[in-house]
Structure formats: structure tokens, C-alpha cells
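A.B. asks: Residue-level listing of the chains:
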Amino acid sequence: MAESRVLGLVLRIRAFIALGVVTLVFSLLSPEFLTSGNLSILVKHVAINAILAIGMTFVILSGGIDLSVGSIVGFSGMVAGLLLSRGLVFAPFDSVIYPHAWFVVVLALLSGMAIGAMNGWIISRLGVAPFIATLGSMYVARGAALLMSDGATFPNLAGEASLGNTGFPWIGTGNPVGLPVSVWIMALLACGAIFLASRTPFGRHVYAVGGNERAATLSGVRVAQVRLRVYVMSGFCAALVGVIIAAQLGAAHPATGATFELNAIAAVVLGGTSLMGGRGTVGGTLIGAFVIGVLADGLVLLGVSEFWQMVVKGLVIVLAVILDQFQKRSS
Amino acid sequence: VTVRVSRASVALLAVVASLAVTACSSSSNSADAPVGPKRIAIITPSHDNPFFKAEAEAAAEQARKLGYEVLVNSHDDDANKQDQLIDVAIARKVSAIILDNAGADASIAAVNKAKAAGIPSILIDREINVTGAATAQIVSNNYQGATLGAEEFVRLMGEKGSYIELVGRESDTNASVRSRGYHDVLDKYPDLKMVGKQSANWDQREAFQKTETMLQGNRTITGVIAGNDTMALGAMAALKAAGMGHVIVVGFDGSPDAIASIKAKEMRATVLQPAAAIARMAVDQAHRLITNGSTGQPEKQAVDCELVTVANADQFGVFSRK
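Chains as they are written, first to last, in this note's numbering: chain A, 1 to 331; chain B, 332 to 653.
Bound conformation, chain A alone:
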């Protein structure tokens, strides 16, 4: 009895244990790993995947999946790039307006939310399976990103003082109170998401829809509305990442974000969220994202070849799912 309880506990906090193990291994193998400089860079790299994965957690908790997030990253980055380099063109009046950098960010975020809303609408109102609906929008958003510049990169997003649109790169390079902007965004988003998932009616509804849709409907949850909202949230998170990456590179490239959706799903699953929906936590997802990030950066720091990095990452994900099966059986 006690033994199985210990086993259950180990399985429940397995992502945390995994994080501890990889951190320990890398800090033993590389003297630079546990330096404050490296940890700050590490958290900055993790933030990219973690922000995507937070949005993805709500989608998966509701019993869905969002394959379009990687394309939304590319699309929203290109929206920002387009607005900063070419401005808003009003053809009938033959005039170009260069919006302020902050307004550019808002529009880029709205573009991601719009794609998310489209996903949510197709899934909740037209009854298309999430896998198919978001697979479709994955291609559409990527194609649209490529069309925006005919495949080219928007190279210089610093803006021009004469046009009044400078300041965008700050999101990528700024360090308010000693931490990169992307880390602040991740932290705020994580706090908000944890609160939302565990302390609000909306959070309970997401779990209810993913756990047993029929029961949720019967108890008065507006399933379609919940579904719509989780995809909008996921689109918002993806657009945030698109903006952050474009700001970090000072350039927007339409192919940015390819396969990011898989990294985000991997973080969610590693964090113990069930792909069937209804079971999991935002905190688990964060730890999952850290496990993947520590592995990636640690292996680079050790100079391990790219090919081995892929093998190790794959093995860790499969191992996590095997443990998930154990946990289901033991509980």
C-alpha cells in the first residue's frame, strides 16, 4: 500500500525529477552550466517554447490539439515585419501610415488571435476534428506568411526615427529589472494561466469539456464557447512568440516556427497532461518545457552533434509517455 503510494508520487512528479536529473548531469559535465549568465540565456530560450506550450495546454486539456501554432509564429512575425518595413497602405487614398511599434505588436497579436478564432469557429461550430482543422490552418497560415513578402525576409525591424516606429527590437533585447522581456512575458503568462486553470469557472469548464463533453453539456457548460476561447488563447500565445523571435533577430522570416507545434505538444505531454484531455496542469507544462530546453542547451554547451541531440530529445519524450501509461494504470 505505502509502496504504491510512493510509486504514485514518483510518477506524478516525474517531470520534476527529470528536470532535476538533466540539470544535475549537465552541471557535472559542464562547469559553465550553472552560471547565472547561462541560466539567464537558458530561461530566455525556454520561454519561446513555454509560451507556446501554455496556450497548447488549454487546447489539449479541452480535448483538442493545435497544429497551427508554428505557422502562426511565422505569420504574426511577418505581420510585424510588414507593418514596420512597409507600413499600412491605404490604396484608395494613396497613403502609407507607419504605426507606432507598440501598435504593430498589438496588430501582430490580433492576427494570431484571428487565426485562433478561425480554428475555434471551424472546430466548435462546424464540427471539424481539431487535428484536421488546425492542420489546414497550419498550411494556410504558412502560405500566407510566404505570400506577404513573396518568400523574402524583412531584414531590418529597427524602424526609423523619422517614421516614428522605432523601439520594436526592445522586446527581443531589453532587460527590464535584469531579466529579458521574453522571460517576463513567460512569467506573467504562466501566473495568469495557472490562476485561470485552477481558480476560475472558465478553467473548470475547460477540464470539464476535455474530461467528458456530454456531462459538461448536460451541466450547462457552453462547450462551443469554451472551445473557441482556448484556440484564441493558443493563437495569442503563438503570436507573442512570433513577435519575440522577430524582435530578437531584428528580422522576420516566413519559415520561422516550422515544427514548433511539435515542441509545444512535447512539453505539454512531458508535463503530464493527457492527450485525451481533462487531465493535466499548466505547472507541469512549464517543467516539461524546461526539460526540453535544458536538454537542448546543455547538449549544445557540451558540443554534442545535432543528430544525437535529436535522438536524446525523442527518447525523453517517449519515456515520458510510457510513464504516463503507468500512472494511468496505477491510479
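Be a bit skeptical, because a hint or two may be false.
Said to hold, decoys possible - Here are the simulated DSBU-like pairs of lysine-lysine, each with C-alpha atoms no more than 30 Å apart in a straight line:
#1 B/LYS571 / B/LYS631
#2 A/LYS313 / B/LYS528
#3 B/LYS631 / B/LYS424
#4 B/LYS412 / A/LYS313
#5 B/LYS528 / B/LYS446
#6 B/LYS412 / B/LYS396
Said to hold, decoys possible - A partial selection of chain B residues facing chain A, derived with a Cβ cut-off under 10 Å:
#7 LYS384
#8 VAL401
#9 ALA531
I should point out that these hints are in silico values taken from the structure, not numbers from a laboratory. Here a beta-carbon is modelled for each residue, glycine too, at the ideal position from N, C-alpha and C.
Put chain B on the given structure of chain A with help from the hints.
C.D. replies: Then chain B, alone, in the frame of chain A:
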């Protein structure tokens, strides 16, 4: 009902065909233009890389100038998709295929298939690992270009100091050829030390993150040498973010973005591959082959690369001299 529809479409087809014939006969007035609607297929990797876009556009422009109809497609570095595009080209009875292929070994069968169908392939930018299958293989001399870039890197570094190297996708031939060219020069200088080497898969964001991570153990580096320009630009962004904008960054390709960065005194040098010129050469040779039965050139042709620095950056346009 179906009969009536198909009759209508036959009539429509007839009109379209007669229009096409008139269009062709009117365009074939000049002396050396081909008779009839001859086509050239141009197949390259994805146009989201300005390099491939430039070569595809240069080839298409030259082919149109010579009176050909062009089919431009991208195989996205997927050998299977390339194979399907070759099938389409064979079915459309093109006169020649200009191909920047999807893999030195994976493309051999597709090129042989076109040959068996009587269609010559002119390969550009990347070679395949057999001779006799393609009519011509025109590539920029990656090894020569890499030694050129490395020599400039050595000069800028003052023959000493530590550096990191960013390699292209490790399964890609050009990644290893360039890295070998770099090291055949760099390794001759005992005071130049490589303290980190990672593949960033030709990708700007990956180069950014991996450079940031590698900098952690190596704050004292004075140089970064990259297998292409997008990775060099990613490294440059990471160095600037770390307050190390003075570090010497050298890339490869001669992309417009890299040349702009050199002019802005950020990156120090790149090696320009004359991709547009090579694409035009390929179309010219295809044209000679179609009209005279021979390209007049050996199968394997290498075109030298050129060094771009702040001193001569003004002389270069989109993957060619201005």
C-alpha cells in the same frame, strides 16, 4: 447533360488552343527563337531562401528572353516531391530541366528517369554523385569560396584568437565542403583556436540561440565563421545582444541581407556565389543543346566565388556583380 457539357468544353479548348497557337506563332518571329511551344522546367529548393529565389528568377527570365515557356517549381529539399515534379516535367514534354537538386544521391534516379524520357537535365548549385546522367552540372566552387572566406577571416583576426564555427545542415554536401575549405586554411595557424562548433541547419533563429549558448563558456571569442549568411546574421544578432558587436563575423552566399549588414559595418565579410549568373549560364547551355544538339561545355563546370567586404560591397547586386 454530360455530353453537352463536354461538347462545350471541347469547343472552349479549341478556342484556347487556337489562341495559343497564334500567340506562339507571333512570338517566334525572331530568328533564333525555337519553333513551337517549347518549355523549360526550373526546379529549385524553397524560394523562402533568397538564394534559390534569385537563381530561379534569373533562370526564368533568361528562358523567357530566349522564347521559352517556363515551369517554375520548388521541391522544398524533399527528394520525393522532386521526383514528382520531374514526372510532371516529363508529362508536359519539356525540352530541358534546370535543376537545383534535393540531394546528391537521392536525386540520381530522378535525373536518370528524365534522361530515359529523352529530356536533358542541367544541374545548378549542387552536384549529384554520378556523371553521365545530367548533361551539365554547373556549380559555384564552394571549396575555393570557403578558402577565400577563411583567408579573409584569418587576416581580420590577425592570425590569432579563439572563434566558433556554425555549420550548415550536416546531411548537406555543401555544409561539409565549406567547413573543410575553412579548416584547410584556419588549421594552419596554431594561434587560431576553435572553441565551439555546432550545426545550426542554415537557420537564422537556430544560429541565434546556439551562439548565445556557446558564448556562455566562451566570452573571450573574437570571431565567428558561418557556413552561410543566414546563420552569420543570426550569430551577429546574438553577439549584439550580448554587447559583443565587435566580434568578427564572416558568412557565405553573398545574400542581399548580408551585404547590407557588411555595409552597416556589422558583419565583416561574405563569399558571394554567382547564383544568378550560373542560372543564366544553365539556360544558355540548355538553349544551345536544344538548337545545336550540344552544350559546347564539359559536364562538370565550376564557377569561382568572390569575396565581399566593406571595400567592395557596393559592386554587388542580388547574387551577381552589378
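A.B. asks: Decide, hint by hint, whether the structure agrees.
C.D. replies: Tested hints:
For the given pair, B/LYS571 sits about 42 Å from B/LYS631 by alpha-carbon distance, which is inconsistent with the 30 Å threshold. Distance hint between A/LYS313 and B/LYS528 is fulfilled; the C-alpha atoms sit about 20 Å from each other, no more than 30 Å. For the hint pairing B/LYS631 with B/LYS424, the CA-to-CA distance comes to about 25 Å; that is within 30 Å, so the pair holds. Distance check on the hinted pair: B/LYS412 and A/LYS313 sit about 28 Å apart at the alpha-carbon level, within 30 Å; holds.
Between B/LYS528 and B/LYS446, the direct Cα distance comes to roughly 41 Å. Violation of the 30 Å bound is thereby established for this hinted pair. The suggested pairing of B/LYS412 with B/LYS396 holds, with an alpha-carbon distance near 28 Å, which does not exceed 30 Å. Evaluation of the B/LYS384 hint against chain A yields a held restraint, the C-beta minimum of about 6 Å falling below 10 Å. With a least beta-carbon distance of about 17 Å to chain A, the hint placing B/VAL401 at the interface is violated under the 10 Å criterion.
At a threshold of 10 Å, the smallest CB-CB gap from B/ALA531 to chain A is about 8 Å, leaving the interface hint in force.
Hints 1, 5 and 8 from the earlier list are contradicted by this structure; the remaining hints agree with it.
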